[in-house]
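Residue strings, one per chain:
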Amino acid sequence: MNKALSGALRGAFGAAAAGALLAASGAAFAADPIKIGVIAEAQAIAGASIPQAAQLAADEINAAGGVDGRKIEIIGYDNHSSSADSVRAFQRAVNEDKVNAVIASYISEVVLALEPWAARLKTPFVTPGAASNEISKSVHADYEKNKYTFHGYLTSAALALSVCDGAKDLLVDKLHMKTAVIMSEDAAWTKPLDIGYEECLPKIGLKVLDHIRFSPDTTDFTPIFNKIEGSKPDVIITGISHVGVQPTVQWKNQQVPVPMFGISSQATNETFAKDTNQAAEGVLYQGVSGPGVAVTPKSVPFAENFKKKFGNYPSYAGYTAYDEVYYLADAVKRAGSTDADKLVDALEKTDWEGTIGRVQFYGKDDPFTHSIKYGKGLITGLMLQWQDGKQIAVWPKEVAKAEIKFPSFIKLSN
Amino acid sequence: MRAFQILIDGFAISALYALGATGFTLIFGVSGVLNLSHGAIMVAAAVAAWAAASILGVGTYAGALIGVGVALLTAFATYFAVVKPIQDSRRIPNEEKEIFVLTGTLLWGIMIQELIAYFFTNNAKTVLPIVEGVVDILGVRTPSNEIFTAIVCCLVIGLLWLLVNRTRTGKAVLAASMNPRGVTLLGLELTNIYIVVWAIYGILAGIAGVLLGMFLGVSSYSVGPLTASAFSIVVLGGLGSVSGSLIAAFVVGYLETLTAYLVSPAYRTIPALLLLVFVMYIRPQGLLGRR
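In order, the protein sequence lines correspond to chains A and B. This note's numbering applies: residue 4 is where the first sequence begins, and numbers increase by one. This note's numbering applies: residue 13 is where the second sequence begins, and numbers increase by one.
Since the hints were derived computationally from the structure, they do not count as laboratory data.
Taking CB as the label site, the calculated pair distances span:
| id | chain 1 | residue 1 | chain 2 | residue 2 | range |
| --- | --- | --- | --- | --- | --- |
| 1 | A | Arg-337 | B | Pro-283 | 55 to 65 Å |
| 2 | B | Pro-237 | A | Asp-145 | 34 to 44 Å |
| 3 | B | Gly-44 | A | Asp-145 | 50 to 60 Å |
| 4 | A | Ile-198 | B | Tyr-293 | 36 to 46 Å |
| 5 | B | Gln-297 | A | Lys-393 | 51 to 61 Å |
| 6 | B | Glu-201 | A | Lys-393 | 55 to 65 Å |
| 7 | B | Ile-282 | A | Pro-410 | 32 to 42 Å |
| 8 | A | Asp-368 | B | Leu-114 | 55 to 65 Å |
| 9 | B | Ile-149 | A | Glu-356 | 55 to 65 Å |
| 10 | A | Lys-367 | B | Ala-15 | 50 to 60 Å |
Here the structure is a predicted model, which means the values were calculated and not measured. Don't be surprised by glycine CBs; every beta carbon is placed ideally from N, CA and C.
Required output: the full structure, derived from the provided sequences and hints.
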């Protein structure tokens, strides 16, 4: 066969093959894709899992045939932890990339900045990790305008309850602790959290001796730990997310003899052990799920698949972002459309068993409209502890894998 | 008890500030360069030390050495890729070169910062301390690492003093800071002196960065504040005056510690900045500035 002929034949085969491929993919996904914009803090420990988990969910849904033959397409935007960058990304996602819904951010300040844009651009918007009560309170205050925003993570008020529920069983009943100092970073999400702590800690029998709020820019925690130790509490109740590595390492290096218990977002990510050179040992933190914890039958397979694909277990916002893609897809299916208002109606009727529990949203008449419901049978959260370099569930007892234990420098007073 | 606590904590942080600012002021004194990528070089050293020890698993000592090595390389890169081309350029008028160097090093610092955030996330990293555990000093539970930090800082500053005042190379550096033209007339190549100064600077910034990583931890966010703190210490002490910077470092370090303990950790940096403004009003050349 001469060269020219062989080239022509190859060309013809190539074109036919390409045509066949196009036809095949056309058959599998007839209509336009469902586009979900994911705006997240790609460079932060807690935020990095958000786009990864969303993509994982989309890949699984697409592999199973998509939603009514429509493929899910994730379009990612890095917001560099900035509200201004997030607003620009939101506008671009809606106006240029024509997304049908947005999943964005674990930072309350960012989500509060995006909420009015979800209203103006009439685009359904779910946050996988911000906590401020104000997010869902705004939906309640002006429902018609703000109904596009959904709060896919626990509110600060619910987080405080979850921590107190855990503290009652683990610290008060088991270890007979009586006093606590609240230590939280100065940010939008900790204001309602601290109010929640102040309210529920005395109720479970922990007297609040002091309350320290510090700037998220703090690098030297020595004076803070010093002050805390001065009031001799049994436990430090934490509310930290923007900081995490530094207070944890300094707590260990200075051998502060008081355990830390509460919200510590950075501790939810597996890379925390390396970032702190294992200083995390003994740290107790609240989570919505965790490696090896079967909150639902979906939790463990998700965490394992995530680790297989990205090399580490997801942060808390990874679990919620994964669920969000699924229940957004489910809402599109039930609404039979990606029309924003129909999608909002369908999202309100969400009843989805995800990786963090059973997801339902509070209704129009609840003060936390469009926030996920907290409670037994729905989402309760859990307490985990860093033990021997691993994240181990210690509460509630249905999922607990071990008893709590502390490094030797911790002196339990009772 | 609290007084001892402030005395001990303040000393460690002040010594660290002094080490960080010394290199910064040396470069200015000798070559007139205000290196605004200073914080980025310190963070690069700490993150490299962390990565080498935690990801590559080379151990604490090797990690620390790698950190200092990375700072040295970054300092040379700053000089050869950013500062020297501007200084040698014929298209930039001489009187504008300072502002070009300021802008150039600032942008260079941001580039390093973004690269670190891209590859290692913007969350804080901490270098495993060389010495662990705590020691009781006058009733204050002090991490051994804090004492180690203070000792290393003082030793390194002492060595620098010996180098500058007792060796031939050091004397050439000192001469260049007093009169660059005079040095060239004596037959010494100014560029060689600059290279020596940048090497000293890289090592100082590297040690300071690694120690800071062990003591408090750093993230890519620390780049700006670290440059700013070195800058304000150097301005307070008198631009180009090494002893002025040392005094200023202790003034700032103790003022911050006092504020953090006695007022609130949230207002830590404010009094030092107010002092800086005040000194600028009554003594613009700084505490020990010549001019």
